[in-house]
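There are 2 protein chains.
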Amino acid sequence: MNDRPITLFHAPHTRSSGTLRLLEEMGVPYRLHVLDLAKGEHKRPDYLAINPMGKVPALRHGEAIVSEQGAIALYLGDLFPDTGLCPRPDDPLRADLLRWLFFYGDCVEPAVLQKAMGWEAPKASAAGYGSYEDTVAAVVGQLAKGPWFLGERFTVADGVWGSALTWLKKFGLIPATPEIAAYVERFAERPAAARVAAIDAELAAKQKGA
Amino acid sequence: MNDRPITLFHAPHTRSSGTLRLLEEMGVPYRLHVLDLAKGEHKRPDYLAINPMGKVPALRHGEAIVSEQGAIALYLGDLFPDTGLCPRPDDPLRADLLRWLFFYGDCVEPAVLQKAMGWEAPKASAAGYGSYEDTVAAVVGQLAKGPWFLGERFTVADGVWGSALTWLKKFGLIPATPEIAAYVERFAERPAAARVAAIDAELAAKQKGA
Chain B
4 MNDRPITLFH
14 APHTRSSGTL
24 RLLEEMGVPY
34 RLHVLDLAKG
44 EHKRPDYLAI
54 NPMGKVPALR
64 HGEAIVSEQG
74 AIALYLGDLF
84 PDTGLCPRPD
94 DPLRADLLRW
104 LFFYGDCVEP
114 AVLQKAMGWE
124 APKASAAGYG
134 SYEDTVAAVV
144 GQLAKGPWFL
154 GERFTVADGV
164 WGSALTWLKK
174 FGLIPATPEI
184 AAYVERFAER
194 PAAARVAAID
204 AELAAKQKGA
Chain E
4 MNDRPITLFH
14 APHTRSSGTL
24 RLLEEMGVPY
34 RLHVLDLAKG
44 EHKRPDYLAI
54 NPMGKVPALR
64 HGEAIVSEQG
74 AIALYLGDLF
84 PDTGLCPRPD
94 DPLRADLLRW
104 LFFYGDCVEP
114 AVLQKAMGWE
124 APKASAAGYG
134 SYEDTVAAVV
144 GQLAKGPWFL
154 GERFTVADGV
164 WGSALTWLKK
174 FGLIPATPEI
184 AAYVERFAER
194 PAAARVAAID
204 AELAAKQKGA
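Top line first, the protein sequences correspond to chains B and E. If you want my numbering, it's the position in the first sequence, counting the first as 1, plus 3. If you want my numbering, it's the position in the second sequence, counting the first as 1, plus 3.
For the record, the hints were derived by calculation from the structure and aren't laboratory data. A portion of the hints provided could be inaccurate.
Heads up, the list lumps identical chains together, so a pair's fine if it works in one copy or across two of them.
Stated by the list, open to error - Pairs of lysine-lysine residues, derived as BS3-like cross-links and limited to a Cα-Cα distance of at most 27 Å, are as follows:
id, residue 1, residue 2
1, Lys126, Lys148
2, Lys173, Lys126
3, Lys148, Lys172
4, Lys42, Lys209
5, Lys126, Lys211
6, Lys46, Lys209
7, Lys173, Lys148
8, Lys42, Lys211
9, Lys126, Lys42
10, Lys173, Lys211
11, Lys118, Lys209
12, Lys42, Lys148
13, Lys46, Lys148
Quantities reported herein were computed from a predicted structural model and do not represent experimental measurements.
Using the sequences and the hints given, assemble the complete structure.
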C-alpha cells in the first residue's frame, strides 16, 4: 500500500493547511498539488473530477481519492500505523478517535456556522447537534482530559482539532476558554507548526506574485 | 473484542433507527437501551454521561462508547469484519467508504438544515459544504454508480445513507430524483427493513401506553 504516492490537493492558509500539518506531524512522504483559489482553480473540471464539491483538502493515494478532513486523517492514520498516531481498531482509544473525528464535522462546523451567520433555530432540536452552547461545552469537557484531544497521546485527531480550534479561536468563532487557549498554544509550539507556516507563506507569496 | 456486549442507546423512529437497521443488517448480537424522549430521558444525567450532547444513537461496547452515526457505522464494521459489510483498510473501497461516511454529516445534514430553515448565506463559501445544490448533486452523482452507495457492494455506508435518504425524501428535504427514489426503494425492500419497523412500532406503542 505504502509504495503508492500520496498527493495532497492544497491551497495555502485554508482548511487543507490542517491536513498539511497532519502530514508533517506524521513525517510521511507526500507531494503537494497547489491550487490557486483566486484563479478559481478549485472549480475547474480537472479538479472537480477529484472532488465534485470543489473544495480542499483532497488526498490522492494511488487510484484512491479521499476528501473530508476527518476521513483523510483516519485514512492516513490507518495507512501508517507505525507513526503511532492512530489508535488501531483493537485499542480502547479507537472509539474516542472515531467519535471525535466525526463530531468535528457533524457538530462544530455547522454549529459555528449557525452562530457566525446569526441564524436562529426555532427550537434546539431542529439541528442534529442541538445548540452551539452544548457543542462548545462538549469540546471543552473533552479538552479537560488533555494535554491532547484524546488525552495523553497526540493522535491524528489532533491534526483535525488542533488546526480547527486554532482558526476558530483566531476568528473569535469559539470562546477562548482556558482549556481551548492552552490546547491551541500547545499545538502551536510543536515543530511541525513552523514547517507548515513556512510552506504556506512561500506558496501564498508565489501565488500573489504570479 | 467481540465477547464484550454491545448496547445501542435508542429511541424509536429517530436517527438511532438507522443504527438499529445497521445492526440488523449485520446480524450481530446487541442489546437495546430504549430512551423515552417525551419524558426527557435523553437529557438526564445518567444518559448525558454516555453522550454529553443528549442525543441518540450512542453505542456502548464494553467500556468503549461511540456516538455520531458515521463513527458507529465504522466502529461496528471494523469490529465485525466477517460480515463483509465494511471494506478493510487494504481494500480499494476504503477511501470511498471513509469519504462518504464523513460527507453525510459534514455536508448533507448542515446543507439540509440550512435549506429547511430558509437560512440565507451571504456567499456560498461561508459554509464548508458550499451549497445545498452542490451537495445534492454530489450525492446523486455517487448514487448513479449504484445499486448501493459505494457501487456493487452493500456496505455499512448504506446503513447511514439508506436510513438518511429515506427520511430526507419522506420529509421532502431532498429531491426525489430517479437515483434517490430507486435507492430508497431498494433499501426498503431488504428484509432488515421490516424487522426494524416492527421493533420500532412495538417500542413506540409501549412508550405511548406507559
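Hint check:
1. Lys126 <-> Lys148: Intra 31 Å, inter 37 Å, cutoff 27 Å: neither.
2. Lys173 <-> Lys126: between (29 Å within a copy, 21 Å between copies)
3. Lys148 <-> Lys172: within (19 Å within a copy, 40 Å between copies)
4. Lys42 <-> Lys209: This pair counts as within: shortest intra-copy Cα distance 13 Å, inter-copy 60 Å.
5. Lys126 <-> Lys211: between (45 Å within a copy, 23 Å between copies)
6. Lys46 <-> Lys209: within (20 Å within a copy, 52 Å between copies)
7. Lys173 <-> Lys148: within (23 Å within a copy, 41 Å between copies)
8. Lys42 <-> Lys211: within (11 Å within a copy, 58 Å between copies)
9. Lys126 <-> Lys42: between (41 Å within a copy, 17 Å between copies)
10. Lys173 <-> Lys211: within (23 Å within a copy, 48 Å between copies)
11. Lys118 <-> Lys209: For Lys118 and Lys209, the Cα distance exceeds 27 Å both inside one copy (35 Å) and across copies (38 Å).
12. Lys42 <-> Lys148: neither (43 Å within a copy, 31 Å between copies)
13. Lys46 <-> Lys148: For Lys46 and Lys148, only the inter-copy Cα distance (23 Å) is at most 27 Å; the intra-copy one is 41 Å.
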